[in-house]
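A.B. asks: Residues per chain are reported as follows:
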Amino acid sequence: EAQVTQNPRYLITVTGKKLTVTCSQNMNHEYMSWYRQDPGLGLRQIYYSMNVEVTDKGDVPEGYKVSRKEKRNFPLILESPSPNQTSLYFCASSFRGAGELFFGEGSRLTVL
Amino acid sequence: GQNIDQPTEMTATEGAIVQINCTYQTSGFNGLFWYQQHAGEAPTFLSYNVLDGLEEKGRFSSFLSRSKGYSYLLLKELQMKDSASYLCAVYYYKLSFGAGTTVTVRA
Numbered sequence: 001e002a003q004v005t006q007n008p009r010y011l012i013t014v015t016g017k018k019l020t021v022t023c024s025q026n027m028n029h030e031y032m033s034w035y036r037q038d039p040g041l042g043l044r045q046i047y048y049s050m051n052v053e054v055t056d057k058g059d060v061p062e063g064y065k066v067s068r069k070e071k072r073n074f075p076l077i078l079e080s081p082s083p084n085q086t087s088l089y090f091c092a093s094s095f096r097g098a099g100e101l102f103f104g105e106g107s108r109l110t111v112l
Numbered sequence: 001g002q003n004i005d006q007p008t009e010m011t012a013t014e015g016a017i018v019q020i021n022c023t024y025q026t027s028g029f030n031g032l033f034w035y036q037q038h039a040g041e042a043p044t045f046l047s048y049n050v051l052d053g054l055e056e057k058g059r060f061s062s063f064l065s066r067s068k069g070y071s072y073l074l075l076k077e078l079q080m081k082d083s084a085s086y087l088c089a090v091y092y093y094k095l096s097f098g099a100g101t102t103v104t105v106r107a
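Chains A and B are the protein sequences, given in the same order.
For the first sequence, this note's numbering begins at 1 and goes up steadily by one.
For the second sequence, this note's numbering begins at 1 and goes up steadily by one.
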């Protein structure tokens with residue numbers, strides 16, 4: 001089954017404790033992206049990757065890091081989480097970035 | 001930059017028609033997407049317009065006017081399961097989303 005898988009789905013952590021949200025897709029998509037969704041603000045892009053070893057900042061990259069060492073994986077790293085990073089995070093992929101985005105189920109992160 | 005506007009909320013009755021408008025002012029344009037997102041779930045693709053005109057897909061239709069920076073999503077024969085948020089997104093080298101319109105369908 002074609003899918004984008006994110007882990008963990010739910011996480012409560014404390015300020016400053018490094019965490020990684022994993023994302024994996026099995027569709028051989030070149031393009032992958034991370035979004036955060038906050039009430040009233042919609043989906044905002046954090047980082048995206050056009051292919052392996054090619055990543056770029058989205059609209060709200062501060063406080064986040066990513067890497068794309070393999071085509072299927074695109075982890076999101078919060079080196080020192082802060083409460084303003086409490087949000088619902090979505091990973092998404094598409095064949096080339098111009099097409100239909102396939103979203104993971106989301107990861108709800110709470111930073112205390 | 002990208003500026004995408006859509007109404008925050010709409011309410012309609014089961015069996016009725018609802019039209020969700022989306023206006024955009026963007027630095028460029030390569031296409032417009034509509035996504036549906038049920039509460040607590042991931043967005044799913046509904047439609048894609050790249051040329052002016054109406055695209056129909058079952059009960060859902062999407063219209064685009066590039067000269068006016070305007071699109072709408074038309075939901076016909078509303079069903080309770082259509083209660084969801086509908087996200088307008090403009091593609092120009094990347095996808096930029098509006099804040100979404102929450103549609104509530106009442107019996």
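Hints listed in this document are in silico derivations from the structure and should not be mistaken for laboratory results.
Please note: incorrect hints may appear among the correct ones.
As the list claims (entries may be wrong) - Here are the simulated lysine-lysine pairs, BS3-like style, with alpha carbons at most 27 Å apart:
hint : chain 1 : residue 1 : chain 2 : residue 2
1    : A       : K57       : B       : K57
2    : A       : K57       : A       : K17
3    : A       : K57       : A       : K69
4    : A       : K69       : A       : K17
5    : B       : K94       : B       : K68
6    : A       : K69       : A       : K18
7    : B       : K94       : B       : K57
8    : B       : K94       : A       : K65
9    : A       : K69       : B       : K94
10   : A       : K17       : A       : K65
11   : B       : K81       : B       : K57
12   : B       : K94       : A       : K71
As the list claims (entries may be wrong) - Which residues of chain A face chain B? A few of them, derived with a C-beta cut under 8 Å, are:
hint : residue
13   : F103
14   : G106
15   : T110
Please read these numbers as outputs of a predicted model, since none were measured by experiment.
C-beta: ideal position from N, C-alpha, C; glycine also.
A.B. asks: Would the pair K94 of chain B and K65 of chain A pass a check requiring their Cα atoms to be no farther apart than 27 Å?
C.D. replies: Since the Cα atoms of K94 of chain B and K65 of chain A sit roughly 19 Å apart, the hinted pair holds (cutoff 27 Å).
A.B. asks: Are the Cα atoms of K69 of chain A and K17 of chain A separated by 27 Å or less?
C.D. replies: The given pair, whose Cα atoms are some 24 Å apart, holds under the 27 Å limit.
A.B. asks: Please verify whether K17 of chain A and K65 of chain A have alpha carbons no more than 27 Å apart.
C.D. replies: Holds, at roughly 14 Å.
A.B. asks: For the pair supplied as a hint, K69 of chain A and K94 of chain B, is the alpha-carbon distance within the 27 Å limit?
C.D. replies: 21 Å, holds
A.B. asks: Does K18 of chain A sit within 27 Å of K69 of chain A, going by the straight-line distance between their CA atoms?
C.D. replies: It holds: about 20 Å lies between the C-alpha atoms, which stays within 27 Å.
A.B. asks: Does K69 of chain A lie within 27 Å of K57 of chain A when you go C-alpha to C-alpha?
C.D. replies: Holds, because 17 Å separates the two Cα atoms, which is no more than 27 Å.
A.B. asks: Holds or violated: K81 of chain B and K57 of chain B, Cα atoms, limit 27 Å.
C.D. replies: 17 Å, holds
A.B. asks: For K57 of chain A and K17 of chain A, compute the direct alpha-carbon distance and say whether it is at most 27 Å.
C.D. replies: Within the cut-off at roughly 23 Å; holds.
A.B. asks: Given F103 of chain A as an interface hint, is its Cβ closer than 8 Å to any Cβ of chain B?
C.D. replies: 4 Å, holds
A.B. asks: Given G106 of chain A was flagged as interface, is its beta-carbon under 8 Å from a beta-carbon of chain B?
C.D. replies: 6 Å, holds
A.B. asks: Taking 27 Å as the top limit, are the C-alpha atoms of K94 of chain B and K57 of chain B close enough?
C.D. replies: Between K94 of chain B and K57 of chain B the Cα gap is close to 24 Å, so the pair holds against 27 Å.
A.B. asks: Is it true that the CA of K57 of chain A sits at most 27 Å from the CA of K57 of chain B?
C.D. replies: 34 Å, violated
In terms of the numbered hints stated before, the structure departs from hints 1, 15, listed from lowest to highest.
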